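For chain A, the structure is supplied; the task is to place chains B and C on it using the hints.
The residues making up each chain are set out below.
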Amino acid sequence: MKSLICGAFAAAMLLGSGALAQDKTTIRFANTFDGPSAENWEPVLQAFMAAHPDIEVKSESVAGSGAAVYPDVLRTSMASGDPADVFFLWGGSIAKPFIDAGQVEPLDAVFAEKGWATRFPAWTVSRLQQDGKQYGVPFHGQGMGFFYRKDLFAQNGITEPKTYAELEGVCSKLKAANIYCASTGGKFGWHVMRLVDFFIEAACGPDVHDQLNALKVSWDQPCVVDAYGRFKSWIDNGWLVPDFLNVAPDDARIPVYQGQAAMIVEGPWFEGALKQNEQDSADYGFFMPPTDHEPSRYSAFPEQWMIASGSKHKEAAVTFIDFISSADTQKAFPDAFGASATIGIKPDCTANPLSCQITDIVQSDRPAYPPTDQAFEKELMDSFFEVQDSIVAGKLTPAEGAKLFQERAEAWKAKS
Amino acid sequence: MHPDRQPMAEIASNSSAAVNTRARSRFTRNTLTPYLFIAPAMVFYLGFLIYPMFVSLYTSLFDWDGMSPLVEFVGLNNYFNALFVDEVTRQALLNNVWWTLGALTIPTVIGLTLALGLNRNLPGTVVLRTLFYAPSVLPLVAVGIIWSWMYNPNFGAINVILKSSGLGFLAGSWLSGFDTALPSAFATYTWGSIGFPMILYLAGLQGIPKDYYEASRIDGANVWQQFWHVTLPGLRESHVIVLSLSVIGGFKVFDLIYTMTYGGPGRVTQVLGTWMYFQSFQYYHAGYGAALAWIIAVIILLVAIPYIRHMSKN
Amino acid sequence: MSSQRATLRTSNIIILTALILLSLLWLLPIISVLLTAVRSQGDLFKSGIFGWPKAFRWDNFVKAWDAGDFSIYFKNSLFVILMKVPLGILVSSLAAYPLAKMSFRMNQPIFLFLLIGLAVPIQVALQPLVVMMRELGLSNTLFALLPPYIAFGIPLQVLVMRGFFRQIPSELVEAARVDGASELTIFFKIMVPLSVPALAALAIIDTLATWNEFLLALVLISEKESRTVPIGLMQFQGEHSSDYTVLMAGVAISIIPVLIIFLFLQRYFVTGLTAGAVKG
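Residue numbers (the working numbering), protein chains in the order written: chain A, 1 to 416; chain B, 1001 to 1314; chain C, 2001 to 2280.
One or more of the hints may lead you astray.
[Claimed, not checked] Cβ-Cβ distance ranges computed for the label pairs, FRET-style: (1) N2107(C) - P1183(B): 20 to 28 Å; (2) Q155(A) - K1163(B): 20 to 28 Å; (3) N178(A) - V1126(B): 49 to 57 Å; (4) P1069(B) - S364(A): 41 to 49 Å; (5) A2175(C) - A1187(B): 51 to 59 Å; (6) G394(A) - I2015(C): 25 to 33 Å.
[Stated by the list, open to error] Facing chain B, a subset of chain C residues (Cβ under 7 Å, in silico): (7) L2025; (8) Q2127; (9) P2128; (10) V2251; (11) S2254; (12) P2257.
It should be emphasised that the hints constitute simulated quantities derived from the structure, not laboratory data.
Source: prediction; values computed, not measured.
Even glycine gets a Cβ: it sits at the ideal position worked out from N, Cα and C.
So here's chain A without its partners, still in its complex pose (with noise of 0.2 Å):
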């Protein structure tokens, strides 16, 4: 008898775990979300495995050194012929390597199946194609620009410049009130080159800026060594926090928080990092750097997921793009999703004014220009940022800087 229980218990046992043994897909999902991040996004992944019990998903997250170590990472992990099958990229350059060497599943096919192409704005999906091939979803419209601090503005009598010769105005009466008029860190080069790419687009205007990053025109012309020189005068005349090249971009906000400087080029994550860093957003105003051009561009660029050509679980990997990048997902958890490229999503303007005043920009008409790293691969990149560097510290002059520049372009575009 006993033995008869036995059985038929073990027998129940078997054809139940038959049942809900169907195989589980895991994707592991690579990106770059930072802690608070990451927390916002344990939800959507767990609302995701619920309407899909047979797919798992696996985070992964490299954070805080932006485009420095977690394309490194995700080398690795190709080079290993075992990648992520879902990842975060940024676009342009950063995404180059990566698809030249045919790390990237092509979603054209995806894109017209699954209606992609009228979810997100047109300048995001064409900056994410190459060689007209469509080889990443828009994750995020990101439009960056000079946070700032309102208490710091308000008490020296400052308000938002609408010229340049007014930003020069800002900084002169910030300096004679002892404050730094901006804050900027230096590791990896990028958040420093934020402010040079400003100047470049204000000293030499939209088209010669997009043919300077085509390498199309040399760098060793006046506007580009203007660009440089406003740079300079910057620092020598002290509006920026010294000594930052060493100091990392995320503790570039610090001396913002503690009101020894009054401005950072940041983008809508920083309302975020605000709330993180127990400090009130209410103390603090947007505005974009005016660049005394018509039309008066911005810096902004697309953020993407793609997938790897070597993962075993593409069609689970299209089925949680699509979960995560559709406004209905969106709209359930928008601490997940500010600054999306979904259109119509806009985060709760009561509680993220700021970011609300970007994306609104961001899902407009206005134009915008990439960040120079997304134009560059890496090896130009950093001669670009040894020349930014050189420049801080007085071993190059604006124009040394702008010629030795253009040497590096041209025996780089020999060697490619």
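The following block gives chains B and C in isolation, referenced to the frame of chain A:
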């Protein structure tokens, strides 16, 4: 004499001869034995150290991105570019040379001084010795993070202490300055590396016979002369080790630079170890990176081979 | 005579005081890590590093351990150590035995060959190891780290164990051989038990070196599940670089075990270093 009764000595020598023959014959029967013992180590060593070494020698002769098939043979072009064309390699090599010269002198002098001080049987010697050695056992990544933070120009401990103790004029840009970045990183290295020379010299000092000092004192030598003529020469073994290991370490340096400065500002703190990593794993010039790695290896081998030969002769 | 003793004593006091002050200075960075790790961010900015914390925030450590995933990194580093250290020392000791106690023609050349590894920088094996691990199907696993770690540890370990073995009287070995013991038995019953101090020292040195290894792990491992402590710390710095209190708690977690091992076992550590390096 009775034929069966041999002198004890003869018996002894006969049996030991018998023992020797027996041992030797057992031994010669198993000439494979030493090789069998060595085999496991050899498998790992050949497979995961020697073989990769020679693969990268081979790939250094190609223009290779690290992923595609090896097709573009360029001979010694990579080495030529590294030594004569690439300015960054020259800067990196120079940085390694400075770093190594520093490593040869500063931690060793400090270590020797500490050893001299600790060699006096004072109370708490063991504790002090531990305290000075402790930084050496920490992961370099942690050391790099701690010191980067201390070097922060605004709120790092160093500038804060200098400013608040009236020495504000000494406060500097440390890792952010073109001229101060490498020395600052080196100072961190020194913090973590005085322990080993100190221990080595302590052991060496304890090996110098006390009579030498007695003899020289009788001859009228003062403290300084004793140090110069007895102590220093007596530490010759220790010097050899410290010198060789400092050079080897100085050219291999990676962890601290990667963590603290990432080669910057600009490229002023690039060293061969990090430049090789950037070239191979970020710029996709794996062939060039391999050439850089071999340049590091050749330099180290040139210095280390005398030490190794010396070690193997004992 | 007594005045000589008196001068000796005062000079001793001066030296002792100088040493104590210097050692405190040397410890300053570690002290500041601990002082920062136990407070809140706001407290840090208000009172500075060296002000006494207003409230002790032990939850920084919990945050680093859980949300910061140090629990995973710890587990991985421990795994690598438990697999690598005993195996590596065994393999090296086996090789050291014939080099010390048997005479055969290739003895000296083999020893020299193994020693050359001391001077080989890991950079020269990096890229090929990546490719090798990919082909062996070990990429991104902790197992990828084991063979190279063992291989690069062999030169020093063989050097130290051979030195130690040579100090064991040959008569013991000869006598055992006479009694018919196999070489393997001699190894395990005589050589190993008599070498416990050296083995212990090597185990400690090797454990510390493995715990701290960075470059190879950086290149071979990317998956979060497989990260070791140094790699984890690197990512952790990125995630929390402006939250210094939690960051320093993470740093503390990665250095406290090492410090504890060292503090309690430093006697063996020191003898091992000097034995291998000096006596050869």
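Has the hinted range 51 to 59 Å been met by the Cβ atoms of A2175(C) and A1187(B)? holds, 56 Å
Please check whether P1069(B) and S364(A) have a Cβ separation lying inside 41 to 49 Å. holds, 48 Å
Grab the minimum C-beta distance from V2251(C) to chain B and call the hint holds if it beats 7 Å, violated otherwise. Constraint on V2251(C) satisfied, holds at 5 Å.
When the least beta-carbon distance from Q2127(C) to chain B is tested against 7 Å, hint result: With a closest approach of 5 Å, the Q2127(C) hint holds.
Using Cβ atoms only, decide whether S2254(C) comes closer than 7 Å to chain B, and label the hint accordingly. holds, 5 Å
P2257(C) was flagged as interface toward chain B. Is the shortest Cβ-Cβ separation under 7 Å? violated, 10 Å
Does the nearest C-beta of chain B fall within a distance shorter than 7 Å of the C-beta of L2025(C)? Since the shortest Cβ distance to chain B is 10 Å, the answer is violated.
Does the Cβ pair N178(A), V1126(B) satisfy 49 to 57 Å? holds, 52 Å
Taking 20 to 28 Å as the hint, is the beta-carbon distance of Q155(A) and K1163(B) inside that range? holds, 25 Å
Quick check on the hint: P2128(C) CB to chain B CB, less than 7 Å? holds, 4 Å
G394(A) paired with I2015(C), Cβ distance criterion 25 to 33 Å: Violated, at about 45 Å.
Does the Cβ-Cβ separation between N2107(C) and P1183(B) fall within 20 to 28 Å? violated, 46 Å
Of the numbered hints listed earlier, those contradicted by the structure are 1, 6, 7 and 12.
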